[in-house]
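With chain V fixed as given, assemble chain F onto it according to the hints.
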Amino acid sequence: MKQTFLKLFILTLATVSLLACNKSYLNDTPYTANVLSSAIKTEGDLLVAAAGMYSSLRATDLYGRTLPVKGDLMADNTFVTTSNSGRYITLNNYAFNNADAYALGIWQNAYISIKYANNIISAGANLTNTVNVNQYLGEAYAVRALMHFELVRNFSTAYTVDSTKPGIPVINAFNLDPYAVPSRGAVKDVYKQIISDLENAYKLMTLYRGTAYFSKYAARALEARVYQNMGDWADAKTTALDAITNGGVTLLSSATYAAYWANPVVQSTTKSETFFEVASDLTSNNGFDQIGFIYLTVGGGYGDILATPELAGLYSATDARKALCAVGTRTGQAGTVYLCQKYPNPANGSDKDDTKILRLSDILLIAAEAYYNLGDIPNANLYLNKVAQQRDPSFAGWADAGTQVLEDILTERRKELAFEGNRFWDLVRLNRSWTKVKNQNPLTTVAVAPGNIALMFPIPITEINANPNIAQNPGY
Amino acid sequence: MRKTIMLFLCLSMALSQLLAQNRTLKGKITDDKGNAIPHASVLVKGTTIGTTAGVDGNFTLNVPPTAKTLVVSSLNFTAQEILIGSKTVLNVLLQSTVQSLDEVVVVGYGSQKKSDVTASVTKVGGEKVANVPFSSVDQILQGKAAGVQSVTFSGQPGANQSIRIRGIGSYSATSQPLFVLDGIQINSGDLSRETTTSNVLAQLNPDDIENLVVLKDAAATSLYGARGGNGVIVITTKRGKAGKTKFNLTTEVGNNTHGDLPSVGMPLRANDWVTLFKEGILNAGYSQATADATATTYGAGLGVDADWVNLVTRTGTQQQYNLSASGGDAKTQFFVSGGYFKQEAATIGSAMRRYSSVINLDHVVNSKLSFSLNLQPTYTREDAALSNSSAFSNPTMEMYFLRPLQNPYNADGSLNITRTTKDFSSLYNPLFIASRDVHSLDYFSTVGKASAKYNILNNLKFTSSMGLQYNSLEEYYYNNPLEGDGYAANGRGYSYYTRYFLYDWVNQLDYHANLNKNHDLTLDAYAGYEGISSKSYLISAQSQNFPTPSLITSATAATPTIASNNASDYNFASFFSKAAIAYKGKYIISGSIRRDGSSRFSENNQYGIFPAGSIAWNVSKENFMEKVSLINDLKIRASYGSTGNAEIGNYSWRQTFGYGLTYNNQPGGGFNSIGNTDLRWEKQNMLDIGFDVSLLKNKLGITFDWYDKKSADLLFGTPISLTTGFATITKNIGALENKGIELTINATPVSTKNFTWDINFNITHNINQITKLPDGQTQIINGRFFVAPGHDIQEFYMRLWAGVDPANGNPLWYTTAARTATTTNYNAALAVPTGLSASPKYYGGFSNTFTFREFSFAADFYYNYGNYVQDQWAAYFYDQVNPSYGKYAYNLQRWQKPGDITDVPKPVYGSSNFSSAASTRFLFKGDFIRLRNITLAYTAKQPLLNTLHVTLLKFYIRGTNLWTKTYDNRLPFDPEQGVTSQSNLNVMYNKALTVGLNIGF
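Just so you know, the protein sequences line up as chains V and F, in that order. Residue numbers are given in this note's numbering: position 329 of the first sequence equals residue 616, and the series is strictly consecutive. Residue numbers are given in this note's numbering: position 21 of the second sequence equals residue 38, and the series is strictly consecutive.
DSBU-like, lysine-lysine: derived pairs with alpha carbons at most 35 Å apart:
(1) F:K534 x F:K470
(2) F:K470 x F:K131
(3) F:K714 x F:K258
(4) F:K748 x V:K328
(5) F:K552 x V:K328
(6) F:K104 x F:K85
The set of hints was computed from the structure by calculation and includes no laboratory data. As the structure is a computational prediction, the values presented were derived from the model and not from experiment.
If we strip away everything but chain V, and leave its shape as in the complex, we get:
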């Protein structure tokens, strides 16, 4: 009896252990996601990861809406009308705290894009260095640089003001440790990383995949902008001229300027005006959070944000850009109403507005500013007028001397780059003071001067709570 029992017991135990030891029985993998470690194994996988990375730039609080909106709203170009949907009030009023949703949105989404870029850089290092692989790697370096650049501008002191102040955590490796608590290095360290990434991107990329993707000269153009923000005018000049001369991008004529903004289609082979833009289309877009809806009421849009009359007054009657800051109507708003028309397609049934990140006009004006700062006034005016006279064929051209040249360049930048999120950064990097319009008719304003705590976003309280190593910005 004992033996029988023993035999059977052993038999059962054997069956049990046989099944229990079969590891694959307990290894169920998901059907709509790959296990991370095996997701990027081929060049094709890398391309898919790159698309994912670009799509993250479309986040509402990145280039989807908040970044381009903030650069005008917190400067002197736009304001939120009294009858509004409640969006961007904290930015308009220069009154935000460490729980501000826009600050959190930028911080969170920029690091998500950095995570995607790092994944590509890390996984791509294990792939054979084909032209395509190098291209996608270069694009990932460029995106990583772009996101660090936006973070350091938004959450730190301007490089030109004090580059030794705390920057933002640099995430330059694909780290799987969920409990990593990085600290803030100096602003200049962040810029060092950005330049290094852009140099890598420039070297790696050889293909042109259209305006929806980074290319060699789009990375160069971004580098020029970074040097401009650093006040490194020699490098700004070199990189800007490289992009202008060798990028093959052509400047728009005044006749095609309005049509360029009205067209929601990205360029896949042509190189007209745009170096790089973040694409939206019929199936992939931010719905009611599209940037066009914050400026316009078409198709049920909010139409919350209007241009200041001061901005509108800068355009001459013959300026092609006047049509993009046009007179309109808005319920509840007294006085003349000026509407941004750079994003007219949120309700378009076939395609949606893309967000321009790098344009030739911008780079030409960076070159002009670089020449000015390097003491070459003729070339400064030459590059300045390349833009100014192209936009307004009747304009005789700028021909000032001395510091007025810089003012001319800034005015031209304000006119050319309105509603693209640029103005605020020009004012901040030059440590200027200005008057921010909160409301028009009746007019209420905020006087903004260097040192205003709102020039830097607070580090989101969510980050502070989760990361003991991170220091908060002054005033929060």
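Chain F alone, transformed into the frame defined by chain V:
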């Protein structure tokens, strides 16, 4: 054996004929404890000759020579037939049918005599499950088992039911118990994707169920390890018994009407609605002319006065027919049944039909080997009414939202779908939707099981059983192109196919041993291995732009918009063992252990071990208790052990790279889930102490339990540095506790020859509190609930309503938690944890059964005390903040002039004073007592049964949900609104009136 009986019968017949004269039989009728059974009936079988025993159990009866068999019966005892033979003294022992301690209960992977059970379990069986007018067996549990909170949230036939055993045990995972059907750990709950609500258990005919056993404490649940943490409900279907084939036919027909609506919650009719509407416009500072003109645009003055409650409801039919046959011989037994169940809810568009069948077979090959087989194929068709506000076609929502001025019909009698302000400009005509749209679920379900048992030795057996569960759900949701959600798309059709397949394979050894010579120290042990694997497969398709409203199939539509398939799987591999040692049936000590491995657990924590120990002392079996005649049975129990909750998501622990990040029309993907390679089950540790006592000759039975269930390692999203690209990581970090007591009393206060009165009563008291949150978090606002240490997990968090200012009719809220200052500015009011919970403090049920001769009258109640119910839709139905919608009658109590004391503010048209925004104004007492069933039955007795050649004849009339008592006169709807106690415009509960017939032959 049979031959012997026959022979014996023939002999006795011969003998009696030989004697051929009357003789006197004497005897005493007692129960198994030797106590006299008073007033038992003694009858010569097949005749009307009989008598009734006295109070002392003694009887004397003159019997004719032809008398062969005596039938002795008494209420609450199993009737017994006794061969008279040549005897003149017949002492009869009857077995009690009252829930005494000696029945057999299925606990875990074996069954035990109830007296040997060391765990806290509750069995619900027999009459309570059979032939009930409910679509699923879990609805039957309402008020029937202590510790079990079974809550209905929808009157949709086939709806899912929320069950909480000993409180809510989790924050982010489910708190639903595990269901085990004939030993198979089935996929349960709502597996549908488009249907408003559905229920796996509604695929099971309650009439085929022998009993339900609710396993509550760790001694019972820890055998289910990582899946036992929320309690386990073991369902056992009927099986055949050797003997004459028995047929059982039950039929029930009746109808359903909608549940009671409190008068304060009835939608206002035309005159009152217009009065309040115009008053609101005047209060907003406009002229009488404006008020009149605005009311006209909304349809005032046209003589329309639609009764929307009446329009969206109907008298639904309720039918069921069940026929079963069971029997067999010593080698083979069978139970075969077929059933048809149809229930039309009172709400339009809400119905269910079920065609069910069961074949359960048992076969003994020889003394060593036996087989059994179960097969339970079922088909149901559910037509689901929509719920909550996500659908403007939901009839229950429209009943309240539509104005009485909206005319459902055109002048010619056709349905009105005109799109003007006074007609159906934004909300749809629910009658038109119900007549054109389709929202259906065709559900095919099969549960099957094959098992073989081999007796290796007399005391050692091996069992292997393979259980399968197959569910296929075909859903179709069609919106017509003329009116409603399909209008803009020119008709829409959504098709979903969902398949779940599960197998559960158990291999088990059972061992019994006598450990001493006296055979009074015994060991019962088993050990086994279980593998569970579930696979799902889902296809989704959507099309729009239909060519004609006369065809609803999406193949005719022009534009396909979605076409995809998906799947999700999980596996468990487990080892379990249990051993119990009993000494003289007095002292029982038991221990169990289970080791669970699961695909849901991370690689670092793939296996969990769940031990439990328990003891029981049958005090009544001690010698010193023999003289205590008051107590018939007394058992004291204690158990402690651990279980888990494995409903943590099939893949949540994994670091994944997900897709769908499309860019520039190219497929994109990215690192989308950080996972947690330490992620594991949530953990429960429970201590339970209880006793079972049977008193006064088993006329009073009491079961009491005290429990303390500590849940730890609860899943919470814990914030991490956003620089990682993620906001939170899901960790096993929180903790909560449920403490409570359960009391069940079964009593028979009166038991005479012709009349008996039985009472069943149970009550549960549960206290829940959060004990730990993730580091750095002191509170989490979860919707309307305040989650913080020391607080109930469902404590309402909102602004405190301070009433209406009698001077001007303005709404007031408190600005402090201490209620010291008020404000008319809603945004300045303070949102606070209110101390009021959505979970009841006490709940349970009670029933009374009166039996007089052939007639019985039973009333079952269930009740709920101490919770609060929130009206989530108050903003639309109170005041004039949203003036264009229907309003509750309660609004008539509004403030009208200075000095008015009321809690309904002055109605102000389109006001932005937030008077109807969420606050304690819209929290109501959730206490109620519901008359679940009231039944008047006639059960035929002998000799009528013989005359009719039947073994059972029962006729009854039953009312379901006929009466509900509530305790808040402001409450606008039924207080039973799901576990979260928040109204969500679900299908109203139904009141049913049915008649039934039950025949056995």
